[in-house]
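**Q** Protein chains in written order, with our numbering: chain Z, 2 to 160; chain S, 2 to 160; chain L, 2 to 160.
Check before you lean on any hint, since a few could be wrong.
One copy or two, either will do: identical chains are not told apart, so a pair holds if it fits within one copy or between any two.
Claimed, not checked - The list that follows gives simulated cross-link-like pairs (lysine to aspartate or glutamate, DMTMM-like), each with its CA atoms no further than 25 angstroms apart:
1) Lys51 / Glu93
2) Lys56 / Glu35
3) Lys98 / Glu121
4) Lys99 / Glu132
5) Lys99 / Glu133
6) Lys51 / Glu105
7) Lys98 / Asp74
8) Lys130 / Glu93
9) Lys139 / Glu108
10) Lys111 / Glu149
11) Lys63 / Glu35
12) Lys139 / Glu121
13) Lys98 / Glu62
14) Lys139 / Glu93
These are computed hints drawn from the structure, not numbers from a lab.
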Amino acid sequence: MAQERVSIIVFSGELDKCLAAFIIGTGAAASGMEVDMFFTFWGLSVLRKKGVKVKGKSFIEKMFGMMLPKGADNLALSKMHMLGMGTNMMKEVMKKKKVASLPELIEIAKQLGVNLYACEMSMNVLGLKREELIDGLKGVVGVATYLENASKAQITLFI
Amino acid sequence: MAQERVSIIVFSGELDKCLAAFIIGTGAAASGMEVDMFFTFWGLSVLRKKGVKVKGKSFIEKMFGMMLPKGADNLALSKMHMLGMGTNMMKEVMKKKKVASLPELIEIAKQLGVNLYACEMSMNVLGLKREELIDGLKGVVGVATYLENASKAQITLFI
Amino acid sequence: MAQERVSIIVFSGELDKCLAAFIIGTGAAASGMEVDMFFTFWGLSVLRKKGVKVKGKSFIEKMFGMMLPKGADNLALSKMHMLGMGTNMMKEVMKKKKVASLPELIEIAKQLGVNLYACEMSMNVLGLKREELIDGLKGVVGVATYLENASKAQITLFI
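The following block holds chain Z by itself, in its conformation from the complex:
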C-alpha cells in the first residue's frame, strides 16, 4: 500500500488556525504520512524571518511588508485578540499546559520532513522575497505543484 498523504493549504495568518494546521501536519508526519503544507496569502506571514531588510522594494511592497505579521511569533488570534491580551493569554496557557508553541511546531515539522511550500504568486503580489522567508522550505512553487501533490493525498484541507 502506498504511503498516505496529507495536503494543507495555509491561507490564514492567524495564530489559532496556523496552530491547527501544524498540529495536524506534525501529527500526520509523526504517524508516517507524507505531508505537504502550502503557504499562501496571509499564511506566508508564518514563514517570515525576523529582522530581514530587502532593498529595492516599491512603496506598496514596503507597506505590505509593514502590515503583515513578522513571523510565527507575531501572529494574532482570529478571535479574542483584544489588543494582544487574549493572544498572550493563549500563549501563556499553552506553555503552562506543555502544548508546543507555533515556532516550536515549525521546527518539529521540519525535523519530521514535512514539505513546506511558499506560494510563488502570493509572494509576487505581496512583494516578498525568498531571503525574507525561513530556511528549510521545500520550495517556492505555483498552483500546479499544489494540485499535483494534493491529488495524491487522502486528506486535503484549506485552513
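Got chain Z sorted already, so can you dock chains S and L onto it with the hints?
**A** Coordinates of chains S and L only, in the frame set by chain Z:
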C-alpha cells in the same frame, strides 16, 4: 464497495459556518455515508451545555469559559452580526423558511448516527471539562483519531 | 485512469478567499481536471449580477440584498480592508503584476468548463432569485448534488 465517508473539522464557532458544517454532515448521513465531525478550538462552543458550572477551574480557565459562546444557541454570525441584530434576523428568516436551526441540526445529526468528537488538546487548553459538553458525543479524542478516520474519507473539510 | 476532480465549496464572500478559490479552480481545469465550485452563504455574493432589481421581495430579503456585496467586483479583503484602501491597493498591485482579477478569473473558469453551482438553500434564506445571478451557471442545487460530486473528487476544499 465500501461505505463512503465524510470527515469535517469544525474549528470555527460561528453560527453560519457551523450551520454549513451540520447541513453537510446531516445531508451526508441521511444519504447513507459515514460522517465524522471533529470539534476543535472555537468549534467546541457548539458542544457546550447550558448552565453547567464546574468547580476547581483556574482564573484563566474561568475567563475562557466566560468568553466562549455557551452552546449552539448562542453563536454569532461571522459577518453582519451587528450586535446581535443580524444574527437574530438570520435565525428568524431560517425559522420562517423552515430551515432547521443549529440545535435542531445537532439533534438530527445524533439521530442519524453522525460521529461527534471533541478535541482533547483544545479542551485542555481552554479548560473545558467533559461534563460541560452535551451528551451523545462519540468521544474526546486527539489528532491521531482524526487522522485515522479522515484518511478513509472521500470528502475532508476544515470549516 | 478516470479524470481527476476537484470540489470547492465557496462559503466566504471575501475577495482574497474567492481569488484563492478561483486560482485553484481555474488552475485545475487548465490542467485537465474536472472542477466543481459550489457557492453558498456569503459566497453567493460572487455570483451576483450588477444592477438587477427583483420585485416582490420581503423587507428582510431587501435588507440582505442591500448588505451583501453586489458581485465579484465589490468584495472586500478579509484583512486590511481599511475602508476600501487596502482592497483597492491589492487590486492595483494585482493589475500591475498581471495577475487576473476576480471578474476575469470567473470568465476564465466559465471558458474552461468549471461547473459553477449556486446553493439552493442559501438562496432561499437570503432571498436571492436566479435572475440576480450571473449567466453560465451549471445549476442551482442542494447539498445532495454537492455530496455526489465531491465524493468522486480527489481534492475537496471548504473556502
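**Q** What hint numbers does the structure not satisfy?
**A** Per hint list: 2, 11 and 14 violated.
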